[in-house]
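Visitor: Sequence order for the protein chains is U and F.
Residue numbering for the first sequence follows full-length UniProt numbering, starting at 1 and increasing by one per position.
Residue numbering for the second sequence follows full-length UniProt numbering, starting at 1 and increasing by one per position.
Don't take every hint at face value.
To be verified - Here are the simulated DSS-like cross-link-like pairs (lysine-lysine), alpha carbons at most 30 Å apart as the crow flies:
no. : chain 1 : residue 1 : chain 2 : residue 2
1   : F       : Lys424    : U       : Lys143
2   : U       : Lys48     : F       : Lys274
3   : U       : Lys143    : F       : Lys209
4   : F       : Lys424    : U       : Lys173
5   : F       : Lys403    : U       : Lys175
6   : F       : Lys162    : U       : Lys143
7   : F       : Lys387    : U       : Lys159
Said to hold, decoys possible - Computed spacing ranges between beta-carbons, pair by pair:
no. : chain 1 : residue 1 : chain 2 : residue 2 : range
8   : U       : Glu216    : F       : Thr61     : 13 to 23 Å
9   : U       : Lys159    : F       : Gly298    : 45 to 55 Å
10  : F       : Thr198    : U       : Asp122    : 50 to 60 Å
11  : U       : Thr261    : F       : Gly160    : 44 to 54 Å
12  : F       : Gly160    : U       : Lys159    : 26 to 36 Å
13  : F       : Trp222    : U       : Ser241    : 53 to 63 Å
14  : F       : Thr61     : U       : Pro106    : 18 to 28 Å
15  : U       : Pro213    : F       : Thr61     : 25 to 35 Å
16  : U       : Asp103    : F       : Arg142    : 53 to 63 Å
These aren't lab readings, by the way, just hints derived from the structure by calculation.
We put the beta carbon where it would ideally sit given N, CA and C, even for glycine.
Below are the chains, spelled out letter by letter.
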Amino acid sequence: MIDTLTHLDRLEAESIHIMREVMADAANPVMLYSVGKDSAVMLHLARKAFYPSPPPFPLLHVDTTWKFQAMYELRDRMAAESGMELLVYQNPEAKERGINPFDHGPLHTDMWKTEGLKQALDKYGFDVAFGGARRDEEKSRAKERIFSFRTASHGWDPKRQRPELWNLYNARKAKGESIRVFPISNWTELDIWQYIARENIPIVPLYFAAPRPTVERDGLLLMVDDDRFPLLPGETPVERSIRFRTLGCYPLTGAVESEATTLSEVIQEMLLTTTSERQGRAIDKDAGDGSMEKKKQEGYF
Amino acid sequence: MTDPIYVTDALIAEDIDAYLAQHQQKSLLRFITCGSVDDGKSTLIGRLLYDSKMIFEDQLTALEADSKRVGTQGGEIDFALLVDGLAAEREQGITIDVAYRFFTTEKRKFIVADTPGHEQYTRNMVTGASTADLAVILIDARKGVLTQTRRHSFLAHLIGIKHIVLAVNKMDLVGYDKAVFERIVLSYRAFATEIGITHFTPIPISGFKGDNITALSDNTPWFKGPALIEHLENVEVAVSDDEAKPFRLPVQWVNRPNLDFRGFSGQIASGIVKPGDAVRILPSGKTTTVSRIVTQDGDLDEAVAGQSITLTLADEVDCSRGDVIAIADTPPEAADQFEATLVWMADEAMIAGRAYWLKLATQSVSATIQPPKYEINVNTLDHLAAKTLELNGIGVVELSTDKPIVFEAYGDNRTLGGFILIDKLTNATVAAGMLHFSLRRAQNVHWQATDISRDMRANLKNQRPALLWFTGLSGSGKSTIANLVEKRLHRMNLHSFLLDGDNVRHGLNRDLGFTEADRIENIRRVGEVAKLMTDAGLIVITAFISPFRVERDMVRAMLPESEFIEVFIDTPLAEAEKRDVKGLYKKARAGQLKNFTGIDSPYEAPESPEIRIDTTVMTPDQAADLIIDRLLG
Numbered sequence: 001m002i003d004t005l006t007h008l009d010r011l012e013a014e015s016i017h018i019m020r021e022v023m024a025d026a027a028n029p030v031m032l033y034s035v036g037k038d039s040a041v042m043l044h045l046a047r048k049a050f051y052p053s054p055p056p057f058p059l060l061h062v063d064t065t066w067k068f069q070a071m072y073e074l075r076d077r078m079a080a081e082s083g084m085e086l087l088v089y090q091n092p093e094a095k096e097r098g099i100n101p102f103d104h105g106p107l108h109t110d111m112w113k114t115e116g117l118k119q120a121l122d123k124y125g126f127d128v129a130f131g132g133a134r135r136d137e138e139k140s141r142a143k144e145r146i147f148s149f150r151t152a153s154h155g156w157d158p159k160r161q162r163p164e165l166w167n168l169y170n171a172r173k174a175k176g177e178s179i180r181v182f183p184i185s186n187w188t189e190l191d192i193w194q195y196i197a198r199e200n201i202p203i204v205p206l207y208f209a210a211p212r213p214t215v216e217r218d219g220l221l222l223m224v225d226d227d228r229f230p231l232l233p234g235e236t237p238v239e240r241s242i243r244f245r246t247l248g249c250y251p252l253t254g255a256v257e258s259e260a261t262t263l264s265e266v267i268q269e270m271l272l273t274t275t276s277e278r279q280g281r282a283i284d285k286d287a288g289d290g291s292m293e294k295k296k297q298e299g300y301f
Numbered sequence: 001m002t003d004p005i006y007v008t009d010a011l012i013a014e015d016i017d018a019y020l021a022q023h024q025q026k027s028l029l030r031f032i033t034c035g036s037v038d039d040g041k042s043t044l045i046g047r048l049l050y051d052s053k054m055i056f057e058d059q060l061t062a063l064e065a066d067s068k069r070v071g072t073q074g075g076e077i078d079f080a081l082l083v084d085g086l087a088a089e090r091e092q093g094i095t096i097d098v099a100y101r102f103f104t105t106e107k108r109k110f111i112v113a114d115t116p117g118h119e120q121y122t123r124n125m126v127t128g129a130s131t132a133d134l135a136v137i138l139i140d141a142r143k144g145v146l147t148q149t150r151r152h153s154f155l156a157h158l159i160g161i162k163h164i165v166l167a168v169n170k171m172d173l174v175g176y177d178k179a180v181f182e183r184i185v186l187s188y189r190a191f192a193t194e195i196g197i198t199h200f201t202p203i204p205i206s207g208f209k210g211d212n213i214t215a216l217s218d219n220t221p222w223f224k225g226p227a228l229i230e231h232l233e234n235v236e237v238a239v240s241d242d243e244a245k246p247f248r249l250p251v252q253w254v255n256r257p258n259l260d261f262r263g264f265s266g267q268i269a270s271g272i273v274k275p276g277d278a279v280r281i282l283p284s285g286k287t288t289t290v291s292r293i294v295t296q297d298g299d300l301d302e303a304v305a306g307q308s309i310t311l312t313l314a315d316e317v318d319c320s321r322g323d324v325i326a327i328a329d330t331p332p333e334a335a336d337q338f339e340a341t342l343v344w345m346a347d348e349a350m351i352a353g354r355a356y357w358l359k360l361a362t363q364s365v366s367a368t369i370q371p372p373k374y375e376i377n378v379n380t381l382d383h384l385a386a387k388t389l390e391l392n393g394i395g396v397v398e399l400s401t402d403k404p405i406v407f408e409a410y411g412d413n414r415t416l417g418g419f420i421l422i423d424k425l426t427n428a429t430v431a432a433g434m435l436h437f438s439l440r441r442a443q444n445v446h447w448q449a450t451d452i453s454r455d456m457r458a459n460l461k462n463q464r465p466a467l468l469w470f471t472g473l474s475g476s477g478k479s480t481i482a483n484l485v486e487k488r489l490h491r492m493n494l495h496s497f498l499l500d501g502d503n504v505r506h507g508l509n510r511d512l513g514f515t516e517a518d519r520i521e522n523i524r525r526v527g528e529v530a531k532l533m534t535d536a537g538l539i540v541i542t543a544f545i546s547p548f549r550v551e552r553d554m555v556r557a558m559l560p561e562s563e564f565i566e567v568f569i570d571t572p573l574a575e576a577e578k579r580d581v582k583g584l585y586k587k588a589r590a591g592q593l594k595n596f597t598g599i600d601s602p603y604e605a606p607e608s609p610e611i612r613i614d615t616t617v618m619t620p621d622q623a624a625d626l627i628i629d630r631l632l633g
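So that you can see chain U by itself, here it is in the shape it has in the complex:
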């Protein structure tokens, strides 16, 4: 006996089912789009789920103004190609105060991303937001529901999450409450890469190795993506062949030295590598043990 569907077929079918199910109860859904590889897969799945209609919701990019230039380029291209409306939100207060990752540390993430996201959801009145979080990313996320309930103030209360049986999702909510939906909860990093390869999904070129100007700081290899990068005394950008395993704000995202210029080589490196995906991100380590869980309770995705 053979299983007709491969594991990628099953994951795809599950994600599409979840996206369509949201349309039954959502009044005003939105897809959070961060331009990374997980977002790329989410957008691709959404287009498949509703084909030949365009996905019946807009894309929302909660911008920090500190993303890699290559991310902005792909973002605008994919929005145009998918026929979806692209909403870009930048927290006006963070903008006014000039919040940046160099001078403000954790406040940067808090204001641009956590606060920015809450403000954007409130401004447009979105009741359901698709996010690209995966359960394999971090320990506290292993217990996250696919439909994750947030209070009117966007808080996450582990005690109020609903049991999810079979493929039945309870998307009912009271006025003011909202739901974050994670259609790719059951995908792993390897699944994401395999699917990108199988489906030929466009991703930001930064995932592939190329010679780029870098400096080494606090154990992270940072890319000097524009002239806002303040060099410390004695620092000179050095050209290295690097790529990124995960993409965020360029001053907070560590690169890895690599020669992998094709998808196969990227996957090869991933499989042979010895450090986990989020390690290149400064964010998990801000508050030591359990920091992602704390962020989630505060409303970070």
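Take the given structure of chain U and dock chain F to it, following the hints.
Guide: Just chain F now, with coordinates in the frame of chain U:
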């Protein structure tokens, strides 16, 4: 013995494309692990992740540090720390929720539901089991079959898991003794047979030491296999079973990008579909054929159970979310009364008679539950009498829905037989249920589609059908005003029918008395008759006290929106009692009539009736004119 399962690095390094091609073809197995707090469940999962290289160096460094700091293995690596996620749990040292883990081998990707074994968490285990193909039941070799082993096995069997692995853990602590293992297997078999588990796979393991996990262990030369991973990789899952069943597609979403395209999207619950297949839309019963299976990558020649697809149909038939597209010659049933097993999952106990939302596949209806026929003690499996179900209670109940749902027995089709109940006020998911069968009338009666529609019948009569539902106290003037209204309609050449409470009780409802249950049935029958008459195109007028709001709403829900017109004949009790046309109030006051509305049985006035008639300021003729104006205006 060598360990062939994880020797992949060589291929990855040498020929990544060959490796990827091979891994594109992997299948998926979902399983759960069940055991009590000390059975070493988290350790086993941590071990599976570790052995399949799902743990990276930075995580391992953190793990080693944590093991020394808070570990329970005397400084050795404590795999349990890898999987205990939430901060609160870590402090308590137990898992309190369902967590999902992922690992992959050469042949399969695995999704593991880590479900807690603690007494009060039946809910979590049922949740984790609902998506699993296989259950690993963990037993501590030192303790043997315990109460919780029975509980876990019963729940796994209840939820329909066909593959059970009995993992006898901590074999290292009993000196890898064959006799210990065999004694446990024997005692488990006796119990398993009793609850209907006919087949299980026993494996002696040590999660901590790694024996018989990825490869057979030298410590148990008497055990001929398979090792745990080997079994998980090779066990045949039920996917092909689902494909062999008749085709069913619960419609999730109607895809309508423009006037030329109308597609029906959903995930196939069972069977196979091809263009040209004759299909039936349930519950309407209309038949048509499949035109195309549309995807972004081009049309498909066939699609199978588990795939999310979009179909187009040859004819313009009514079909929307909640309907089921099924193979025409063996369609599922539609019914509105069922027997089911319920697992109660909320802190607030079940309330018999209260309406909950019931969600089954893509159908959402209102459902009421009868008091349990019995509750099942999950430890002894005894059937107990119960008035309700508390958190983690499991019982068999009868329930009825406000409109028919398309279903199959849970044992035949998990998608069309499994449901959740949702509290209408808090929106919490309060129960999971599994349908056994439908009750009485609805069984084996399919909806027959007729060619002449209700609109066509109404058009022939040049009128819009409606139901004028008069409600009010006995003696309020319902029958008098209703009669005047019908006379006016008749003069206007409109086709009407007046269903009078007393008259109906002489015929259709002569078998009913005046208990609460009989009064509800009285209204239900009248509602059904009135509905048939509106289907025939008539303007129906009913005059019943109909004291309970919930029954009036039940009738309202039977009809298309705006066709139910509630007419509240508002006469104060004192006034009605003063008139006492039939002398009934006098009898009730004298105790000769029981359950008389207004005297010893309540009247729930409508909160927002379509029409309210205050008889203290209006004559019956004025009232009739007002009603006609509202109806036709």
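Visitor: Sort out which numbered hints this structure fails and list those numbers smallest first.
Guide: Hint check: nothing fails, all pass.
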